[in-house]
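Protein chains in written order, with the numbering used here: chain A, 37 to 184; chain B, 37 to 184.
Keep in mind that the hints are not guaranteed to be accurate.
To be verified - Result set (EDC-like, lysine to aspartate or glutamate): computed pairs, CA atoms no more than 20 Å apart in a straight line:
no., chain 1, residue 1, chain 2, residue 2
1, A, K110, B, E102
2, A, K57, A, E122
3, A, K68, B, E75
4, B, K87, A, E94
5, B, K68, B, E38
6, A, K85, B, E98
7, B, K85, A, E94
8, A, K139, A, E154
It should be emphasised that the hints constitute simulated quantities derived from the structure, not laboratory data.
Number of protein chains: 2
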Amino acid sequence: MEIERKFLVNELPQNLDSYPKTRIKQWYITIKPAVRLRERDGVYTFTVKSKGHLVRQEFEMELTQEEFANLFTKVSTHAIDKIRYEISLDNGLTAELDVFLGKHKELNLVEVEFETEEAAHAFTPPAWFGEDVTQEAKYKNNNLALPL
Amino acid sequence: MEIERKFLVNELPQNLDSYPKTRIKQWYITIKPAVRLRERDGVYTFTVKSKGHLVRQEFEMELTQEEFANLFTKVSTHAIDKIRYEISLDNGLTAELDVFLGKHKELNLVEVEFETEEAAHAFTPPAWFGEDVTQEAKYKNNNLALPL
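For reference, chain A alone in the conformation it holds in the complex (with noise of 0.2 Å):
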């Protein structure tokens, strides 16, 4: 299980080139449900996400190479791709940014994760979040994948 808030950003934390950082690109298989696969940092990875917005199940695998290339044959749309910055905030959370290359370039998104519901509503987001789209389905990343 996955419970998430998802943000736009107000603005970029200074000096972000000092948080860890990894680029990812992401393919969908299909959109509906949210059948996707994953590089990272040579990792493969398949994800499938059922529906909702604060809280979704969640499944993920990690693939080897032939793995990859084998699921890859049934990709659906062009790679997402983003840089992916690592930022602590107060009591142990860390906000994940991600900063949106090619189709997508002007975006940017902040998503926390919580161990619990009651902890991702208590949650008040630093000054440079932007307003709260979790619950808007446009900026769910299989939402933003296009068609090849």
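With chain A fixed as given, assemble chain B onto it according to the hints.
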């Protein structure tokens, strides 16, 4: 996590039609990894299984008809078509007996699922069970599925 042993069948049980049964059809998007669609009594499911024989990671999610239709466009194999009989054994265990139809018409396989690896190893199969094929890749349904 799924802990399962699989056997050939020496002799089908008497009065087979007295046991609960369902017709199962399943198709593979990829064989490796095993990414599968299933239709069972009008219920559609999507299943991903990791590598492994006795113990495998398994994810299963129910699909709407629309989600099933979207994923069905990605299918690479003909349907596996079988009748599954559920036969109670001792110690609260259940034998799932699959009687295959279509191309694998002569094949019968029986599976038993366990809570723990210890229980799996301790299991003594009834006389109607045949050879233990848990470790034999060729009897996995993904390997039985025929390419389109």
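Against the structure, the hints:
1. A distance of roughly 18 Å separates the Cα atoms of K110(A) and E102(B); the hinted pair therefore holds under the 20 Å criterion.
2. With a C-alpha separation of about 6 Å, the suggested pairing of K57(A) with E122(A) holds against the 20 Å cut-off.
3. Distance hint between K68(A) and E75(B) is fulfilled; the C-alpha atoms sit about 18 Å from each other, no more than 20 Å.
4. At roughly 19 Å between alpha-carbon atoms, K87(B) and E94(A) fall within 20 Å of each other, so this suggested pair holds.
5. At roughly 18 Å between alpha-carbon atoms, K68(B) and E38(B) fall within 20 Å of each other, so this suggested pair holds.
6. For the hint linking K85(A) to E98(B), the alpha-carbon distance of about 12 Å falls within 20 Å, and the restraint holds.
7. At roughly 14 Å between alpha-carbon atoms, K85(B) and E94(A) fall within 20 Å of each other, so this suggested pair holds.
8. Pair hint K139(A) plus E154(A) does not hold up; C-alpha atoms about 36 Å apart against a cutoff of 20 Å.
Checked against the numbered hints listed earlier, the structure breaks hint 8 alone; every other hint is satisfied.
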